[in-house]
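**Student:** Chain by chain, the residues:
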Amino acid sequence: MNLPRIALAVAASAAALLFAVPLVGLLAHAPWSDFPVLLGDARVRDALALSFAASGAAVGVAIVLGMPLALWLASGRSALRTVVRTIVLLPVVLPPIVAGIALLAAFGRNGLVGAPLAQIFGVTIPFTRVATVVAAAYMGLPFFVLAVESGLRAFDARWLDMARSLGAGPIRRFAYVTLPMIFPSVATGMLLCFMRALGEYCATQLFAGNLEGVTRTLPLACGLAMETDPRLAIALSLLLSGGSVAVLLLLKRRLPGAR
Amino acid sequence: MRRGTFLGRMVVLAIGLGVLAACGDAAGSTSAPLRVFASASLAGVLDDAVATLKRTETDTPVELHVAGTPQLLLQIDHGAEVDLLLCADMADARRVVDAGLAADAPVVFARNRMAIVHAPGNPRKIGGLADLARTDLRVALCAPGVPAGRYARAALARSGTIVRSVSDEPSVRAVVMKVKQGEIDAGIVYATDLRTAGVEGHVLDSEGMPIADYPIVTLKSGRNPTFAARFRAFLLGPDGRALLARHGFSTP
Numbered sequence: 000m001n002l003p004r005i006a007l008a009v010a011a012s013a014a015a016l017l018f019a020v021p022l023v024g025l026l027a028h029a030p031w032s033d034f035p036v037l038l039g040d041a042r043v044r045d046a047l048a049l050s051f052a053a054s055g056a057a058v059g060v061a062i063v064l065g066m067p068l069a070l071w072l073a074s075g076r077s078a079l080r081t082v083v084r085t086i087v088l089l090p091v092v093l094p095p096i097v098a099g100i101a102l103l104a105a106f107g108r109n110g111l112v113g114a115p116l117a118q119i120f121g122v123t124i125p126f127t128r129v130a131t132v133v134a135a136a137y138m139g140l141p142f143f144v145l146a147v148e149s150g151l152r153a154f155d156a157r158w159l160d161m162a163r164s165l166g167a168g169p170i171r172r173f174a175y176v177t178l179p180m181i182f183p184s185v186a187t188g189m190l191l192c193f194m195r196a197l198g199e200y201c202a203t204q205l206f207a208g209n210l211e212g213v214t215r216t217l218p219l220a221c222g223l224a225m226e227t228d229p230r231l232a233i234a235l236s237l238l239l240s241g242g243s244v245a246v247l248l249l250l251k252r253r254l255p256g257a258r
Numbered sequence: 000m001r002r003g004t005f006l007g008r009m010v011v012l013a014i015g016l017g018v019l020a021a022c023g024d025a026a027g028s029t030s031a032p033l034r035v036f037a038s039a040s041l042a043g044v045l046d047d048a049v050a051t052l053k054r055t056e057t058d059t060p061v062e063l064h065v066a067g068t069p070q071l072l073l074q075i076d077h078g079a080e081v082d083l084l085l086c087a088d089m090a091d092a093r094r095v096v097d098a099g100l101a102a103d104a105p106v107v108f109a110r111n112r113m114a115i116v117h118a119p120g121n122p123r124k125i126g127g128l129a130d131l132a133r134t135d136l137r138v139a140l141c142a143p144g145v146p147a148g149r150y151a152r153a154a155l156a157r158s159g160t161i162v163r164s165v166s167d168e169p170s171v172r173a174v175v176m177k178v179k180q181g182e183i184d185a186g187i188v189y190a191t192d193l194r195t196a197g198v199e200g201h202v203l204d205s206e207g208m209p210i211a212d213y214p215i216v217t218l219k220s221g222r223n224p225t226f227a228a229r230f231r232a233f234l235l236g237p238d239g240r241a242l243l244a245r246h247g248f249s250t251p
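Keeping their order, the protein sequence lines are chains X and Y.
Under numbering that gives the first Met the number 0, the first residue of the first sequence is numbered 0, with each subsequent residue one higher.
Under numbering that gives the first Met the number 0, the first residue of the second sequence is numbered 0, with each subsequent residue one higher.
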């Protein structure tokens, strides 16, 4: 071992510890004995159910709207596609608070779309379950589109030519050739979309509000617990961490370094 | 191996510089900074208090940390070295005393009333607590676990008003922000929050309405007890009382 190697090892260990120590910290401060009581609470179950419903709905939106978008984005190269892709991917890099403010500016009671919606149809989106789904889909959809588009771009289009030569129509070609071959990308996109939607906090708090059983999702319950009962916050954090670790294990084969 | 060696040297250099910077920082200050932990609703007045003390008294740096009280108590539990704790509830100050962390007895230095907050000019004609039950209004409160939410519900119970909150917010700031954006028509916050730009309202100062007491307590873990005593004396003295009054607090 020479000096540079030791230095690299030290730096790499420091980086790894940066991620490991907070997790260990959570574990160390976990109120293990009270876990069943804390997490068995009806409010926690409400928040959990709400979070799963909102994130599941976000995945549904991703499949219905995101899949066609990914197909179009992957079907060629053009300036328009670049512009659309940039707009769609924005939530990935955007600070979530900005996403919340933008959603309010669009769908809020005084928003660009929200104001006419309220005046003409008497429909308001903020403070409803719909708002939690909108916020979740806004944050999660980009991950789905990104994963599916990259899967489609790696897909060899000659398979489609072959299917066409055998007489398959566009729907059959998509259902029996494209979809099965890009399925790993679709599954990855669904999982990433679900997890990002599940973790959504800032935009939800701002846009959907924070009412128990209606819009208080798990991260919101966790944030509120930090203001009222920090032990519950730690228990909820561990629950969310556990779920996230499980998803990463599911995705293991799709990450770099997979064997 | 040439490139690897170069990279290694850069890493060593970076670590070395980091250590040097850390040492320089520690050696730079002569006395320990005063660390003040305060409840969120005190942010504005304490900023002013620190600025005043800086002008007149000393150049000791003050670290002002503002958050919800349970979060402050958690951080103190986890060993944060704090000179002064200023919170929005006597019960919280007593918990610190019971844990053996306090260096003196908590003293109430400020009081805050609750208030109805609405848009400037009161476009929805909200006259009092009873109006908050109107079905054409969207009203939000703080969550019941947050002190401001407890006080708001006490005020509503006292006036016999039943309100359907569209959102139980984690802090008064969140309520004020939603009124400001026009997403809700009214909320119940602290009287001092009415000083925020972009909102108006009226204070619930009739007989029997809840009053929030703000205690100050000195902690044993503090590293600058001399300045902590001066800061405490300032807040409890005439200048501090005048400052608190300017921010909408009443004083005992």
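These are computed hints drawn from the structure, not numbers from a lab.
These numbers come from a predicted model, not from an experiment.
One or more hints might be untrue.
Cβ-to-Cβ under 8 Å is the rule here; a few derived chain X residues that face chain Y [as the list claims (entries may be wrong)]: (1) S74; (2) G75; (3) S77; (4) G107; (5) R108; (6) F126; (7) T227; (8) D228; (9) P229.
Cβ coordinates follow ideal geometry from the N, Cα and C atoms, glycine included.
**Student:** All the hints need checking, so say for each whether the structure fits it.
**Tutor:** Status of the hints after comparison with the structure:
no.	hint	in the structure
1	S74	violated, 40 Å
2	G75	violated, 40 Å
3	S77	violated, 38 Å
4	G107	holds, 6 Å
5	R108	holds, 6 Å
6	F126	holds, 4 Å
7	T227	holds, 3 Å
8	D228	holds, 7 Å
9	P229	holds, 4 Å
Hints 1, 2, 3 from the earlier list are contradicted by this structure; the remaining hints agree with it.
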